[in-house]
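Note that the protein sequences, when read in sequence, are chains A and B.
The numbering used here puts the first residue of the first sequence at 1, with every later residue one more than the last.
The numbering used here puts the first residue of the second sequence at 1, with every later residue one more than the last.
Since no wrong hints were added, every one of them can be taken at face value.
No copy is singled out in the list; a pair is fine if it fits within one copy or between any two copies.
Below, a list of computed lysine-lysine pairs in the BS3-like style, where the Cα atoms sit at most 25 angstroms apart:
(1) Lys209 - Lys58
(2) Lys58 - Lys271
(3) Lys271 - Lys62
(4) Lys288 - Lys111
Derived by calculation from the structure, the hints in this document are not laboratory data.
Protein chains: 2
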Amino acid sequence: MAQNRRVLLASRPNGAPTPCDFRIETGPMPQPKEGELLLRTRWLSLDPYMRGRMSAAKSYAKSVEVGDVLEGGTVAEVVETTNPRFAVGDVVLCGNGWQDYAVSDGKGLRKLDPSVAPVQTALGVLGMPGMTAYTGLLTIGRPKAGETLVVAAATGPVGSAVGQIAKMKGCRAVGIAGGPEKCRLLTEEFGFDAAIDHRAPDFADQLAKACPDGIDIYFENVGGAVWDAVFPLLNDFARVPVCGIVSHYNDTDLPAGPDRTPQLMGAVLRKRLTLRGFIVWDFADQAKDFARDMGEWVKAGRIRYREDVVDGLEKAPEAFMGLLQGRNLGKLLVKVS
Amino acid sequence: MAQNRRVLLASRPNGAPTPCDFRIETGPMPQPKEGELLLRTRWLSLDPYMRGRMSAAKSYAKSVEVGDVLEGGTVAEVVETTNPRFAVGDVVLCGNGWQDYAVSDGKGLRKLDPSVAPVQTALGVLGMPGMTAYTGLLTIGRPKAGETLVVAAATGPVGSAVGQIAKMKGCRAVGIAGGPEKCRLLTEEFGFDAAIDHRAPDFADQLAKACPDGIDIYFENVGGAVWDAVFPLLNDFARVPVCGIVSHYNDTDLPAGPDRTPQLMGAVLRKRLTLRGFIVWDFADQAKDFARDMGEWVKAGRIRYREDVVDGLEKAPEAFMGLLQGRNLGKLLVKVS
Numbered sequence: 001m002a003q004n005r006r007v008l009l010a011s012r013p014n015g016a017p018t019p020c021d022f023r024i025e026t027g028p029m030p031q032p033k034e035g036e037l038l039l040r041t042r043w044l045s046l047d048p049y050m051r052g053r054m055s056a057a058k059s060y061a062k063s064v065e066v067g068d069v070l071e072g073g074t075v076a077e078v079v080e081t082t083n084p085r086f087a088v089g090d091v092v093l094c095g096n097g098w099q100d101y102a103v104s105d106g107k108g109l110r111k112l113d114p115s116v117a118p119v120q121t122a123l124g125v126l127g128m129p130g131m132t133a134y135t136g137l138l139t140i141g142r143p144k145a146g147e148t149l150v151v152a153a154a155t156g157p158v159g160s161a162v163g164q165i166a167k168m169k170g171c172r173a174v175g176i177a178g179g180p181e182k183c184r185l186l187t188e189e190f191g192f193d194a195a196i197d198h199r200a201p202d203f204a205d206q207l208a209k210a211c212p213d214g215i216d217i218y219f220e221n222v223g224g225a226v227w228d229a230v231f232p233l234l235n236d237f238a239r240v241p242v243c244g245i246v247s248h249y250n251d252t253d254l255p256a257g258p259d260r261t262p263q264l265m266g267a268v269l270r271k272r273l274t275l276r277g278f279i280v281w282d283f284a285d286q287a288k289d290f291a292r293d294m295g296e297w298v299k300a301g302r303i304r305y306r307e308d309v310v311d312g313l314e315k316a317p318e319a320f321m322g323l324l325q326g327r328n329l330g331k332l333l334v335k336v337s
Numbered sequence: 001m002a003q004n005r006r007v008l009l010a011s012r013p014n015g016a017p018t019p020c021d022f023r024i025e026t027g028p029m030p031q032p033k034e035g036e037l038l039l040r041t042r043w044l045s046l047d048p049y050m051r052g053r054m055s056a057a058k059s060y061a062k063s064v065e066v067g068d069v070l071e072g073g074t075v076a077e078v079v080e081t082t083n084p085r086f087a088v089g090d091v092v093l094c095g096n097g098w099q100d101y102a103v104s105d106g107k108g109l110r111k112l113d114p115s116v117a118p119v120q121t122a123l124g125v126l127g128m129p130g131m132t133a134y135t136g137l138l139t140i141g142r143p144k145a146g147e148t149l150v151v152a153a154a155t156g157p158v159g160s161a162v163g164q165i166a167k168m169k170g171c172r173a174v175g176i177a178g179g180p181e182k183c184r185l186l187t188e189e190f191g192f193d194a195a196i197d198h199r200a201p202d203f204a205d206q207l208a209k210a211c212p213d214g215i216d217i218y219f220e221n222v223g224g225a226v227w228d229a230v231f232p233l234l235n236d237f238a239r240v241p242v243c244g245i246v247s248h249y250n251d252t253d254l255p256a257g258p259d260r261t262p263q264l265m266g267a268v269l270r271k272r273l274t275l276r277g278f279i280v281w282d283f284a285d286q287a288k289d290f291a292r293d294m295g296e297w298v299k300a301g302r303i304r305y306r307e308d309v310v311d312g313l314e315k316a317p318e319a320f321m322g323l324l325q326g327r328n329l330g331k332l333l334v335k336v337s
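Given the sequences, and given the hints that come with them, work out the whole structure.
So, in structure tokens, the structure goes:
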């Protein structure tokens, strides 16, 4: 009889997660009750936000408790059902987390049509990361033709969509990524106007040269040294959608001084900057617009995407640790079955 | 024959301005040419933004050069004219700076009607500070009934208007000021729901108690210790119009560490804060709405204001140094003639 593997939070990471913070447990299959479905995970999405869920700090979503299954978006297949709305073989978008099987009452599941797009794109370009790019860029960034946009982690599922949408809106798109391979991908595959390697010793100078007219939109998803290089280049009235600060997620202390808060607030004032944080569900009312637009753009080849697939649930912890260090190239997915 | 006194920038202040940074010079009267007017200053406005003009640092407006007359909004009377649009005795709003007399070609002058409101209100509640409050609060703060607003320097011309407009919009208004006299004025004269003395040793605790439901709008005009007390109380989706950071204007160095930038950006993200800097002229297209609304509100007694009048141009430097330390009570004006 089949068993269910589950990846649990073994302990809260102190700094960067280590293998000891995860534990794989094999146990009995969950048993659906009348009207419920049994779902087998096909794809598990790994995303930087999960680092926040591993921490006890208060945030927009509840923490995962130590001993619980780690959370995550999934694409799963219906393997048993007594729920008349679903048939065996249906593929659905769900949030079953880091495990092989889960039971559902059907609520909140979205059926996916494999003939429209590969089902795992519902976890990437056509899912949460794509919608994060779409809503944050269009609603907060408000790109206008001729403006300069900068985004880091630019080969990732959010950054690559941000850059490509900005290009469609007539912006100059400058992408930041780690290493020559990713940088090549930015200009050759994703159509960025310039790509800068944040590992280069003269990274800040290179960025300044790539933005001769300054920066009008900085889509913030990393913080740290990238923010430091971007900050002096921001133009008057620049917009900064704050989507993530992944370079800080493993911080255990604040950086050494001086305290640059007054410098930041002074620039917000003098340059009349807008800094606005968001999470994708704040813009849930744009889901239909996103699905329509992004669906068309992907189909027409105007938005491209890249996937980085890891085979096997047992590899998820290592892949996730690598994600926080930028080791993936494209949307990081675990092929579970 | 009359002479013209002018207050010049003698040197750029290093930290807080001192008397040595100013120089009063008496010289010949300026001579209007054909079509020009000679204006005698009646009122000079003193405002915190002038500290920025004394500095060489790049900002939204050009610095005053050493040896030049200090800039400032003025109300002046026409004493000579060959310009048919103006008559001797007309009172106008202008920007003649810290001097007794100036010549104008008439461009950019706004005639004031003394029967509508005391002419010096064109420098306060019905002028730049009032419009700063109106535009920043309504456009960026977007107050909604039941929300909590906090503003510091709350007896000043901006803060007092911010609090009173917020009350009209149904907010709980909490004002911060220095000393018991100002705090009494906040609740008794300006109708704030609570007033907190930032000099109290338990200031941050008092602020937290005065905001039992957190803070939805923080109108930022001071920075420093007030920002530190406000920051942890900000609610999800709070808006922070950044209008000034007067507590930092005399800073010569950044404060000691740690660097709290990641803490700020993390909160912007998790709480989905909006921080947006502005200066009043960014909202020049709202000038008519402001004049209409604020004119009505002041006439109806719904918006009150307080003036702190210093007699004599020679007192301007000392009054300005006191302004940066919060020594004034209400809109600081110099009665020049």
